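Using the sequences and the hints given, assemble the complete structure.
Residue numbers (our numbering), protein chains in the order written: chain D, 1 to 254; chain E, 1 to 230; chain B, 1 to 230; chain V, 1 to 219; chain F, 1 to 219.
Source of the hints: derived by calculation from the structure; they are not laboratory data.
Here the structure is a predicted model, which is why all the values come from computation and not from measurement.
Among the clues, some could well be false.
As the list claims (entries may be wrong) - Straight-line distance between alpha carbons at most 27 Å, and here's what the computed BS3-like set of lysine-lysine pairs gives:
#, chain 1, residue 1, chain 2, residue 2
1, F, 150, V, 150
2, D, 145, D, 135
3, D, 135, D, 67
4, D, 4, D, 28
5, V, 211, F, 150
6, F, 211, V, 150
7, D, 101, D, 132
8, D, 145, D, 132
9, D, 135, D, 101
Said to hold, decoys possible - These stretches of chain D come out as covered by chain E in the derived footprint (C-beta under 8 Å, 3 or more residues):
#, region
10, 120 to 130
11, 156 to 164
As the list claims (entries may be wrong) - Just a few of them, taken from the derived set where beta-carbon distance is under 8 Å, the chain E residues facing chain D:
#, residue
12, 78
13, 83
14, 150
15, 176
16, 179
17, 192
18, 193
19, 194
20, 195
We put the beta carbon where it would ideally sit given N, CA and C, even for glycine.
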Amino acid sequence: AQDKSIVVASTTSTQDSGLFGHLLPRFKARTGIDAKVVALGTGQALDTGRRGDADVVFVHARSEEEKFVAGGFGVKRYPVMYNDLVLIGPRSDPGRVGKSKDIVEALRVLKARTLPFISRGDRSGTHLAELKLWKEAGIEPAAGKGGWYKSIGQGMGAALNTASAAEAYVLADRGTWLSFRNKGDLAILVQGDKRLFNQYGVILVNPVKHPHVKKAQGQQFIDWLISPEGQGAIAGYKIDGQPLFFPNADDPNA
Amino acid sequence: MPENLSALDLVLTGDPALFAIVRLALIVSLSAVLLAALVGVPLGAAIALSSFRGRDAVIVFLNAMMGLPPVVIGLMVYLALSRSGPLGSWGLLFTPQAMVIAQTILVTPIIAALARQTIEDLWLEYRDELTAMEVGPLRRLATLVWDARFSLITALLAGFGRAAAEVGAVIIVGGNIEGFTRTMTTAIALETSKGNLPLAIGLGLVLIAIVLAVNALAWALRRAAERLAG
Amino acid sequence: MPENLSALDLVLTGDPALFAIVRLALIVSLSAVLLAALVGVPLGAAIALSSFRGRDAVIVFLNAMMGLPPVVIGLMVYLALSRSGPLGSWGLLFTPQAMVIAQTILVTPIIAALARQTIEDLWLEYRDELTAMEVGPLRRLATLVWDARFSLITALLAGFGRAAAEVGAVIIVGGNIEGFTRTMTTAIALETSKGNLPLAIGLGLVLIAIVLAVNALAWALRRAAERLAG
Amino acid sequence: MIRFEELTATAGAVTLLDRLSLTIAAGPPTVVIGPNGAGKTTLLRIAMGLLQPTSGRIVRAGDPRRAIVFQRPTMLRRTTAANVRYASFGADRTRELLALVGLEHAADRAARRLSSGEQQRLALARALAREPAILFLDEPTASLDPASTKAMEDVIRTVSQRGIKVVMSTHDLGEARRLAGEVVLLHRGRLVEAAAAACFFDAPGTAEARKFIAGELLV
Amino acid sequence: MIRFEELTATAGAVTLLDRLSLTIAAGPPTVVIGPNGAGKTTLLRIAMGLLQPTSGRIVRAGDPRRAIVFQRPTMLRRTTAANVRYASFGADRTRELLALVGLEHAADRAARRLSSGEQQRLALARALAREPAILFLDEPTASLDPASTKAMEDVIRTVSQRGIKVVMSTHDLGEARRLAGEVVLLHRGRLVEAAAAACFFDAPGTAEARKFIAGELLV
Ligand SMILES: Nc1ncnc2c1ncn2[C@@H]1O[C@H](COP(=O)(O)OP(=O)(O)OP(=O)(O)O)[C@@H](O)[C@H]1O
Ligand SMILES: Nc1ncnc2c1ncn2[C@@H]1O[C@H](COP(=O)(O)OP(=O)(O)OP(=O)(O)O)[C@@H](O)[C@H]1O
Ligand SMILES: [Mg+2]
Ligand SMILES: [Mg+2]
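Listed below in structure tokens is the structure:
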């Protein structure tokens, strides 16, 4: 092949959940393009795009993505899909937070009973979402640092591994959780709260800024993702019969 | 680590978080090197001095263990110390002690393999005399370690370099918990994944400066000891 | 890597993805060690043989460079090779070549520092004779490297161990792209973050087996050469 | 005290000793002579247990403590006194031994910095510190000045009279005459002649011995 | 050819050479004698340029090529022949030189496995391979058998007659008598006497020289 390939900077959650393993072969079959995915923290992924080291960024932190486009680094942001965050904790659930669907209430209980909580602490999309939730709960978790609130500065998988070994609570995206193999005694305790939704967007890196960006092939990738075929492929990715991501390219507000 | 600050700012303002991280990084890697030296040097010396069937295989194995992947060591220690693991009751996972354990496992073969080579080279020179003096195995070992001590420092420094720079194992067993098990290398990894590359590199330079300082100190001690030894 | 399969299954079924990963891991780390040896051994030897003001400082620096943090090296190579960096036009970021560059930088000081010590120990023995023979600097260097070659193998193996086990630098500059820049260590890191610890450890064991095989081969060659040299 | 039976030692294609049989009995020194490469050092090393013969047998009466002064002694990286102390067996006689070999003045100097002759003398002190029953000396006076050679020969005579069996090699035929009870002539790894010193020098039994005594080249 | 002016060499508290002045002129061998530790090796090493004196001056006429046979030569980890070839200057005379020192038979053996005497002979071949104008020999016959010693002395005489200046040390006063044009007696780093060989042995100018020749202990 005459080097039909693009570099996609994405996040660990999409890679660790196995979504790309599902999508890329289909994309390649359709277009003949190799999408090389580099899975990074959200901040690092955007930075990679900013430097022109990727052709496409595919992340989940809307405000950061909009900044990226506004700064002229990206052409246009397309919403692609969402998944949801879930509160994971020990099956025994010492805080009895699993009874309600209210994530903010659950966080208040954790803080009140100083139950161990693992924060990714890496300014990833998931981490930013977590901070927003603490804010809504009126809690400054930094006060618990080193005690019940452990900020580990690592990816989703590592955070789950830590929670599994430490029997702690942790906020995770459903996709990573479902594909995660080291669940141990952990289980989903809180889910379904609207505030837990997590939107993914895809952006072509601006070829005006970085002339070597493979504009046509990158756009082909984006077009495919938001096409009915791509959206169908996303919806079709399931683990144990459960979908991990929900396509919503047609939702202009996403 | 405070946002929007360069590593230089942190150093200049004497940032307490940075100070704690540096302290922990030094304690963990120096403890690991100390423990690894206590095991690795005698082990390397014992292999250098002995001859038995399968000795070559043991040396190959030891040399290969210099290539133990940190992530794998980290995982194994993690599984052992995890609550559901065999040593879970010790409650050591995600503590500095766990990091010392993992790094000790990582560094011991490096020190042992390099010490083996160094001591074997000296043994070639001493073998006849010590054998003729009927020096017993333990004393023989002690003599060679002592007389090779200046060359062995390089082996220890190689081990220290590995421990100080290593991130894969400590992040798994230590968990990179802010204010508790965050060391220089895990902090650098974190800033990298945040996309805060200038701070990451700044911290890297601080780490390199610290490693340099430790090396300079070790060399100064060596030179002083050499002068005393005449 | 296919899900739900143990590393043993992958090995036994001759999984092509695993095979490609092993191949790349070997190519990258062996190339890095080769390049590092080409630079590091002469460099270490040159320092061992020379005497100049500030030599101690150079040795301290070299020893300290054994502790270069892979993540920092990774970042620096990343920034240099990035499209916005000085060498961006080479288009090497996220390629195996970038991984070789980063690992070469990482391993060169290790090989140089260990070679320096080994050759300095031999130089003590040869100095008078070679000086009396007025052997020129280049020939002197070649003679010592050649005559110390059997001991130097341990230095090369230490470098290989570091390169084979290293993940921090290669993941940053290689990007761990499936089918392209995924090596054993980055695959292990990925499986770890997927929580697939048995597969991660299984791959780790495969990696250790490969490192063992390379070491055994190196040792066998050394023994054969030793026998030939008499 | 030691009997060698049909000792053969080879290294690769080279024969170091060739079916050598010899009995070393108590009494005045046994002196091994022979051209360079004859196998003198090899014989002493085998007797000392440092080298295993390829074939043949070594029979010892009991397990007498042995000590050796190598042809090229290696000093440990310590002071002169510490080298002797290191080797000491039983009571510490370091001062006395250093005085015996004339090195009191260098007691606290790094042993590896001593001159060759000084090192050879230190090696003797070290060997004596082991209080051996058999003492092997490989060309012990080769680097010594005339006065030290005399002194060393006196030491050898003294320890020999005290009952220590001395087995030594030398290239100095005068020295062999002065010290030997028995002379052993080696050539190319073979034992040419072993005889009481008086007989050997006055009436050598072989042409090779006659030639060697005359200082002629053996081929 | 070489003049030493007020050479002093110290190492720590030890004085190796003490204000030594000496002129070495072309002609028959200069033989340096003196007790162990007198400074003979030190003097040769300084003359060879391997050691820097602490003070004093060395004046050389031109830059004649020098070679040395050390008291304890170090063999490179190669064969006997390769050791000579390594040192060769100009045309390769390895075979000829090995024949000269009687080591043709050992040409392909590992040099480090040679016996001490063989190594000493090899070291001479190696030094001659450099085609030196000045040849330093530090006790070149110390480990040689009587026949080899004779042969070595013949070699020394021959090269000396061919115009190579030989400066050697020895403990063998007979050898000094046989070879020396000039004798230099050192004691404790000081030059005691430097004189033509005939004068030195027949009419030593100092009490120390008289004692040394008589084989008495110098204190
Ligand atoms: N680097 C050094 N440090 C301390 N002392 C030294 C050093 N080098 C030599 N000496 C001492 O200087 C003295 C002279 O040594 P040198 O080797 O020149 O003696 P020499 O005349 O060659 O003796 P020998 O006949 O035993 O070979 C000796 O007493 C030796 O111990
Ligand atoms: N390990 C070895 N491999 C090959 N040849 C050897 C080995 N050791 C000794 N030789 C050879 O065996 C012969 C005997 O050596 P040895 O050292 O016993 O001689 P020697 O009689 O002590 O000689 P010298 O008078 O020179 O000290 C020599 O020719 C030497 O080169
Ligand atoms: Mg010998
Ligand atoms: Mg000397």
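Going down the list of hints, with the structure as the test:
In summary, the hint linking residue 150/F to residue 150/V is supported, as the alpha carbons are separated by about 23 Å, within the 27 Å threshold. Of the supplied pair hints, the one linking residue 145/D and residue 135/D holds, its CA atoms being roughly 16 Å apart against a limit of 27 Å. Between residue 135/D and residue 67/D the alpha-carbon distance is near 22 Å, which keeps this suggested pair within the 27 Å criterion. Restraint check for residue 4/D and residue 28/D: satisfied, since their Cα atoms lie roughly 10 Å apart, inside the 27 Å limit.
Among the hinted pairs, residue 211/V with residue 150/F is consistent with the structure: their alpha-carbon atoms are about 14 Å apart, no more than 27 Å. The suggested pairing of residue 211/F with residue 150/V holds, with an alpha-carbon distance near 14 Å, which does not exceed 27 Å. Our distance criterion of 27 Å between C-alpha atoms is met by residue 101/D and residue 132/D, whose separation comes to about 17 Å. For the hint linking residue 145/D to residue 132/D, the alpha-carbon distance of about 17 Å falls within 27 Å, and the restraint holds.
With a C-alpha separation of about 18 Å, the suggested pairing of residue 135/D with residue 101/D holds against the 27 Å cut-off. Counting residues of the region 120 to 130 of chain D whose C-beta lies closer than 8 Å to any C-beta of chain E gives 4; at least three are required, and the coverage claim holds. Look at the region 156 to 164 of chain D against chain E: 4 of its residues bring a Cβ nearer than 8 Å to a Cβ of that chain, three or more, so the hint holds. Satisfaction of the interface hint for residue 78/E is found here, the shortest Cβ-Cβ separation to chain D being roughly 7 Å, below the 8 Å cut-off.
Proximity of residue 83/E to chain D holds as hinted, the smallest CB-CB distance being about 6 Å (cut-off 8 Å). The beta carbon of residue 150/E comes no nearer than 40 Å to any beta carbon in chain D, farther than 8 Å, and the hint placing it at the interface is violated. A cut of 8 Å between beta carbons decides the hint on residue 176/E: the least distance to chain D is about 5 Å, and the hint holds. Taking 8 Å as the C-beta contact cut-off toward chain D, the hint placing residue 179/E at the interface holds, the least distance being around 4 Å.
Among the interface hints, the one on residue 192/E holds; its C-beta lies about 6 Å from the nearest C-beta in chain D, closer than the 8 Å criterion. Interface restraint check: residue 193/E against chain D, minimum CB-CB distance 3 Å, threshold 8 Å, status holds. Annotation: residue 194/E was flagged as interfacial toward chain D, and the flag holds, the nearest CB pair being 4 Å apart, inside 8 Å. A least Cβ separation of about 3 Å between residue 195/E and chain D falls short of the 8 Å threshold, and the interface hint therefore holds.
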